[in-house]
Amino acid sequence: MRLFSILQSARAPLDLPNRWDIVVFPALFGLIFLLAWGTHQMAAPYSLGEPIQISLDPAALPQYAARTVLRMAVAMVLSLVFTLTYATLAAKYRRAEQVMVPLLDVLQSVPILGFLSITVLGFIRLFPGSLLGPEAAAIFAIFTSQAWNMAFSFYHSLRIIPRELYQVAAVFQLSSWQRFWKLEVPFALPNLLWNAMMSASGGWFFVVASEAISVAGHDILLPGIGSYIAVAIQQQDLTAIGYAIETMLLVVLVTDQLVFRPLVAWADRFKFEQASLGEAPTSWVLTLLTRTNLLRRLLVVPAWFWEWSVRQFRRLPAKPFLPRLRLRITRREARRLDRLWNWFLVVAAAVSIVVLTRFVVRETSYVEIGHVFLLGLLTALRVIVLILLASVVWVPIGVWIGLRPHLAQHLQPVALFLSAFPANLLFPLAVSLIVIHHLNPEIWLSPLMILGTQWYILFNVIAGAASIPADLREVSANLGLRRGAWWQRLILPGVFPAFVTGVITASGGAWNASVVSEIASWGIHTVSATGLGAYIALQTASGDYPRVALGIAVMSLYVVAVNRLVWRRLHLYAEKHLTLG
Amino acid sequence: MVNSVNNGDKLIDLIGVNKSFAAPEKGRIAVLQDVNIQVRRGEIVAVLGRSGCGKSTLLRIICGLTTASSGKVLYRGRSVRKPVPGISLVFQSFALFPWLNVLGNVELGLEAQNVPPAERRERALAVIDMIGLDGFESAYPKELSGGMRQRVGFARALVVNPDVLLMDEAFSSLDVPTAETLRTDLLDLWVEHLIPTQAILMVSHNIEEALLLADRIVIFEANPGRVKAEVPITLKHPRDRESVVFRQLVERVYTIMTTPVVPSEAELARLARPTIGHRLPRVTVAQMTGVLDVINQPANAGSIDLPVLAETLQMEVNDIFPILEALELLDFAHVAGRRVTLMRHGRAFAEADIQRRKVIFGEHLLRRVPLAAHIRRVLDERPSQRAPSSRFLRELEDYLPEQDAEGVLEVIIDWGRYAELFAYDSEAGIFSTENPGAEVET
Chain E
13 MRLFSILQSA RAPLDLPNRW DIVVFPALFG LIFLLAWGTH QMAAPYSLGE
63 PIQISLDPAA LPQYAARTVL RMAVAMVLSL VFTLTYATLA AKYRRAEQVM
113 VPLLDVLQSV PILGFLSITV LGFIRLFPGS LLGPEAAAIF AIFTSQAWNM
163 AFSFYHSLRI IPRELYQVAA VFQLSSWQRF WKLEVPFALP NLLWNAMMSA
213 SGGWFFVVAS EAISVAGHDI LLPGIGSYIA VAIQQQDLTA IGYAIETMLL
263 VVLVTDQLVF RPLVAWADRF KFEQASLGEA PTSWVLTLLT RTNLLRRLLV
313 VPAWFWEWSV RQFRRLPAKP FLPRLRLRIT RREARRLDRL WNWFLVVAAA
363 VSIVVLTRFV VRETSYVEIG HVFLLGLLTA LRVIVLILLA SVVWVPIGVW
413 IGLRPHLAQH LQPVALFLSA FPANLLFPLA VSLIVIHHLN PEIWLSPLMI
463 LGTQWYILFN VIAGAASIPA DLREVSANLG LRRGAWWQRL ILPGVFPAFV
513 TGVITASGGA WNASVVSEIA SWGIHTVSAT GLGAYIALQT ASGDYPRVAL
563 GIAVMSLYVV AVNRLVWRRL HLYAEKHLTL G
Chain A
413 MVNSVNNGDK LIDLIGVNKS FAAPEKGRIA VLQDVNIQVR RGEIVAVLGR
463 SGCGKSTLLR IICGLTTASS GKVLYRGRSV RKPVPGISLV FQSFALFPWL
513 NVLGNVELGL EAQNVPPAER RERALAVIDM IGLDGFESAY PKELSGGMRQ
563 RVGFARALVV NPDVLLMDEA FSSLDVPTAE TLRTDLLDLW VEHLIPTQAI
613 LMVSHNIEEA LLLADRIVIF EANPGRVKAE VPITLKHPRD RESVVFRQLV
663 ERVYTIMTTP VVPSEAELAR LARPTIGHRL PRVTVAQMTG VLDVINQPAN
713 AGSIDLPVLA ETLQMEVNDI FPILEALELL DFAHVAGRRV TLMRHGRAFA
763 EADIQRRKVI FGEHLLRRVP LAAHIRRVLD ERPSQRAPSS RFLRELEDYL
813 PEQDAEGVLE VIIDWGRYAE LFAYDSEAGI FSTENPGAEV ET
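Protein chains in written order, with the working numbering: chain E, 13 to 593; chain A, 413 to 854.
Simulated from the structure, these hints should not be mistaken for lab results.
Warning: the hint list may mix true and false statements.
20 Å max Cα-Cα, derived SDA-like pairs, lysine to any residue [claimed, not checked]: (1) K283(E) to G558(A); (2) K494(A) to T294(E); (3) K554(A) to A279(E); (4) K640(A) to T671(A); (5) K554(A) to R281(E); (6) K283(E) to Q815(A); (7) K554(A) to D280(E); (8) K588(E) to T469(A); (9) K104(E) to F325(E); (10) K588(E) to Q815(A); (11) K283(E) to S468(A); (12) K554(A) to N203(E); (13) K494(A) to S468(A); (14) K588(E) to E555(A); (15) K104(E) to L477(A); (16) K588(E) to L515(A); (17) K588(E) to I825(A); (18) K588(E) to K640(A); (19) K554(A) to T294(E).
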């Protein structure tokens with residue numbers, strides 16, 4: 013009897029649209045319309061060499077912005093699909109894991125902008141006579157900037173799911189499909205979302221960079237903010253650049269408010285903690301959405317779809333997947349098989365290195381390879397110096413903010429927001445100054461590569477400083493630690509883990525940015541600095557693929573080496589010894 | 413057994429169950445040895461034993477989460493190799509999905525069974541109501557207290573209408589009054605037949621808890637886990653823990669648990685030569701010192717009854733066992749029946765000052781614990797006088813499962829550091845004979 017009444021009362025208010033619906037309803041339909049229009053535009057007919065008109069009229073900017081956002085969204089969806097499949101396979105099959113995880117690590121270090129011109133040709137052949145080719149290439153570039161770290165985060169989450177939760181799934185005989193969506197994905201969600209946000213921040217940079225590409229002597233300008241700004245640079249139109257910057261600020265702000273903030277607020281419940289700590293994040297959009305009747309009704313659709321999928325996938329082979337029984341593989345045969353597999357991997361790696369070297373050497377010489385390594389060293393020097401400079405500036409500021417909770421609460425989102433803003437939009441301003449004042453590009457172009465990524469250092473340090481326990485600070489005050497000792501004993505160790513995380517992201521981003529920042533133009537003037545980034549950019553422009561490959565390979569090598577030898581170790585050290593609590 | 417019992421009444425039947433883990437070189441490590449237990453319709457059986465005696469493994473074998481190395485596990489006459497619908501499990505740690513609210517967590521078990529959504533909700537709400545979670549349907553686990561969380565755990569296990577309910581230390585994460593309430597509520601449901609469950613098998617390390625609930629207690633012995641004794645309990649529910657009969661039962665079970673069985677020949681051989689893989693009890697030096705100090709108090713004069721010791725230390729008797737095991741291992745104390753007696757060296761230790769204590773402790777460690785002697789010998793033999801912990805860990809894994817090996821190594825590091833037998837740098841994972849003072853950061 014009573015059960016029935018509960019169900020009834022839950023259903024009653026669903027019947028009429030309420031005032032919240034009045035706001036949400038039009039917005040939803042607007043979104044659907046935009047989506048239809050955008051996808052239609054994406055598939056417009058196009059053949060290589062055909063000029064695409066980009067208007068510098070500010071009235072065209074909303075339309076361009078919408079196209080840019082759409083590219084971003086498509087890439088994000090693809091990244092999610094990739095993450096869910098790739099990381100799941102890597103986590104469930106040990107031998108696959110041995111290949112897939114290091115591969116991911118290397119892919120993460122490959123400068124994306126370098127091989128854009130190679131992929132674009134492939135995609136144009138894939139979709140002949142349609143704008144879909146270049147569109148797909150741009151989306152692919154954004155995808156490659158996002159997918160790897162999302163996959164990594166998901167893979168790591170899968171591996172730390174508590175064993176007991178798996179046992180619950182087993183005792184109640186959930187199918188592997190149910191287990192995936194009820195246990196594995198929810199557990200990984202908060203981290204995945206955080207990484208998706210980070211990825212999206214990086215993604216804006218690449219979407220802007222990949223819209224205006226030159227391939228085999230042809231300039232392809234995909235309608236979007238990136239192309240708008242490329243045209244503005246050609247025409248040396250500072251006002252137009254200003255409009256573009258304003259539009260981008262607005263776009264980043266709106267996506268944050270409409271997409272990420274609600275998601276973060278919603279995903280808070282997935283955090284695996286026994287008691288709620290601190291304030292739960294809130295979002296006005298989420299509040300609005302949950303108050304509507306329309307949405308609650310629409311939720312019936314996914315619920316229905318879920319039931320349907322459960323029935324469909326009931327027979328999915330339930331691979332027993334406990335997160336690594338803590339017993340080592342002890343049987344000799346298994347160990348021998350492992351060794352065999354390892355040898356196979358080593359041989360495969362050696363063969364691919366030989367093949368790549370031969371491809372490169374056919375066109376170039378060992379002297380040139382040496383030269384490219386030297387260029388890499390120069391770029392490495394820039395990255396290191398800039399990271400150091402940025403750290404000197406932002407660590408004290410970050411600590412100062414982080415120790416003031418009220419301030420940190422307001423300023424951390426600002427830092428996150430700044431990191432999302434694509435710094436390459438600001439390049440033309442800097443380049444125009446260099447050209448006008450005849451500054452030395454070797455020095456003055458360098459700061460550009462850290463322009464967008466320095467914020468990662470700032471907001472990580474803020475977060476690190478904010479998490480230093482109050483009792484440690486009180487103890488330090490009580491002991492009367494003097495300034496030097498206070499920094500050395502309390503603050504620096506306290507923020508170090510977060511700082512390292514920030515630096516890893518920042519330096520990775522700086523390497524990537526070097527491809528677009530070591531060489532830049534303003535109208536007819538082109539300024540360039542000596543370095544690996546400029547080398548890759550130049551070879552890309554002239555379509556010399558063996559040299560592009562060489563440049564990319566060397567840069568990847570540098571990034572992997574620095575990650576492995578410096579950052580990874582610092583990170584492990586920090587995780588092991590300096591994690592608080 | 414009683415002749416009226418026929419096969420149909422046996423819900424769970426364990427016949428000669430063994431469980432062992434593979435270890436390189438040394439063959440296998442036994443966790444469970446020749447376990448025979450029957451659970452019949454209408455009874456609550458409690459498996460009682462110290463922690464680490466394999467009782468949780470036993471439970472996981474019964475519900476099909478892991479398989480026995482040999483022997484038979486039958487549920488209603490059918491072999492159990494993977495989880496089956498009729499058996500459900502309540503976890504010590506609750507194991508709730510934090511992203512599902514109470515209703516979602518309870519519905520989870522039904523979802524896998526193809527129950528249509530409307531019926532699912534109806535049944536879940538009914539169980540939630542019955543278990544006393546009414547009004548909390550939409551709360552998330554983190555909003556609930558421990559007791560309420562375990563109620564969700566019970567609701568989730570009961571909603572699938574299990575034949576057999578398994579409880580893995582279901583009350584031991586809860587504070588005493590909360591556990592008491594939940595236990596009483598469960599017993600009410602059981603006695604009044606409000607749940608369709610036919611039998612309950614619980615594992616516990618708490619004697620009183622087992623005596624309050626069970627119709628039969630199976631006492632487990634550790635290393636390897638095996639049945640030591642069975643005690644039928646015929647007291648009527650509700651049981652009064654202050655009654656004379658109850659106290660006598662506690663005493664009896666207690667004596668059975670603490671009296672060593674006559675060791676078999678194989679075991680004598682094992683005891684005579686403790687290997688480096690001896691499973692050291694997870695006890696700190698401070699705990700040992702505390703117990704020794706109590707026994708050495710003038711009032712006790714070097715000998716004390718276990719219950720008195722427990723009361724003085726304000727500890728559960730179960731938690732004192734490992735400490736006594738360590739003291740016996742080091743030849744500091746001797747346990748006979750319920751009486752703990754200080755040995756000569758134990759007294760010397762208790763009466764010594766800090767530096768002298770370290771010396772005595774170190775001597776006994778080297779003499780009585782082969783692992784300590786082994787580490788020291790390896791260090792002394794090496795020119796660098798250093799050795800990585802991984803070296804010893806690998807050796808231990810020949811005797812023990814990986815997790816236990818790590819635990820044993822942690823214990824020996826603690827003991828060895830105290831005795832200044834060796835230094836250990838946890839950052840580098842290196843044992844050395846350096847002056848332990850050198851490892852302290854400046």
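| For which of the previously enumerated hints does the structure constitute a violation, in increasing order of number? | The structure conflicts with hints 2, 6, 8, 11, 14, 16 and 18, although it agrees with all the remaining ones.
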